[in-house]
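*Asks:* Sequence:
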Amino acid sequence: MSLIGWSEPCACNGHSVTCHPETCVCTDCQHNTIGDHCDQCKSGYIGDAREGGANACVKCACPLVENSFSDTCVAVDYGRGYVCNACKPGYTGQYCER
Numbered sequence: 001m002s003l004i005g006w007s008e009p010c011a012c013n014g015h016s017v018t019c020h021p022e023t024c025v026c027t028d029c030q031h032n033t034i035g036d037h038c039d040q041c042k043s044g045y046i047g048d049a050r051e052g053g054a055n056a057c058v059k060c061a062c063p064l065v066e067n068s069f070s071d072t073c074v075a076v077d078y079g080r081g082y083v084c085n086a087c088k089p090g091y092t093g094q095y096c097e098r
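Residue 98 is where the sequence shown ends in full-length UniProt numbering, and the numbering goes up by one at each step.
Rather than coming from a laboratory, the hints here were simulated on the basis of the structure. Any given hint could be a false lead.
What the hints assert, rightly or not - The list that follows gives simulated cross-link-like pairs (lysine to any residue, SDA-like), each with its CA atoms no further than 20 Å apart:
1) Lys59 - Tyr95
2) Lys42 - Ala86
3) Lys42 - Ala75
4) Lys59 - Asp48
5) Lys88 - Arg98
6) Lys42 - Asn55
7) Lys59 - Gly35
8) Lys88 - Ser68
9) Lys42 - Pro89
10) Lys59 - Lys88
11) Lys59 - Gly93
12) Lys42 - Val17
13) Lys42 - Glu22
14) Lys42 - Arg80
15) Lys59 - Glu97
16) Lys42 - Cys19
17) Lys42 - Ala61
18) Lys88 - Gly52
19) Lys59 - Asp39
20) Lys59 - Ala86
21) Lys88 - Asp77
22) Lys42 - Val83
Given the structure is predicted, the values throughout are model-derived calculations rather than measurements.
Use the sequences and the hints to build the structure in full.
*Replies:* Below is the structure:
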């Protein structure tokens, strides 16, 4: 087998080891990440996927991780906080805590 050109590692922020050979789009993003370079957190997770690591994206606590009343959240205050934005009927507040 011969290789033409050069090989460079996938730029997947440590969340995948595979990418498309021509487009360099990451495939099989792990650690609750999505995006062409596994650079975004999945819906329902918050954090900075670009930091890498298995815990870069953590499940939103709305109000608790194990008892959540919202499936999604959005970052606020330049990523330093979040708001649960789909509280189930009967729940309200930043973290669906009321």
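*Asks:* Now look at each hint and say whether the structure bears it out.
*Replies:* Evaluation of the provided hints:
1. Lys59 - Tyr95: Holds: Lys59 and Tyr95 sit about 12 Å apart, inside 20 Å.
2. Lys42 - Ala86: holds, 15 Å
3. Lys42 - Ala75: holds, 12 Å
4. Lys59 - Asp48: Holds: Lys59 and Asp48 sit about 12 Å apart, inside 20 Å.
5. Lys88 - Arg98: holds, 11 Å
6. Lys42 - Asn55: Answer holds: Lys42 to Asn55 is near 13 Å, not above 20 Å.
7. Lys59 - Gly35: Distance ~17 Å between Lys59 and Gly35 Cα, so the pair holds.
8. Lys88 - Ser68: holds, 9 Å
9. Lys42 - Pro89: Distance ~23 Å between Lys42 and Pro89 Cα, so the pair is violated.
10. Lys59 - Lys88: holds, 17 Å
11. Lys59 - Gly93: It holds: about 18 Å lies between the C-alpha atoms, which stays within 20 Å.
12. Lys42 - Val17: It holds: about 18 Å lies between the C-alpha atoms, which stays within 20 Å.
13. Lys42 - Glu22: Distance ~25 Å between Lys42 and Glu22 Cα, so the pair is violated.
14. Lys42 - Arg80: Distance of about 17 Å is within 20 Å: holds.
15. Lys59 - Glu97: holds, 16 Å
16. Lys42 - Cys19: At roughly 18 Å apart (the allowed maximum being 20 Å), Cys19 and Lys42 satisfy the hint.
17. Lys42 - Ala61: holds, 14 Å
18. Lys88 - Gly52: violated, 31 Å
19. Lys59 - Asp39: holds, 16 Å
20. Lys59 - Ala86: The given pair, whose Cα atoms are some 14 Å apart, holds under the 20 Å limit.
21. Lys88 - Asp77: violated, 24 Å
22. Lys42 - Val83: Since the Cα atoms of Lys42 and Val83 sit roughly 15 Å apart, the hinted pair holds (cutoff 20 Å).
Violated hints, in rising order: 9, 13, 18 and 21; the structure is consistent with all others.
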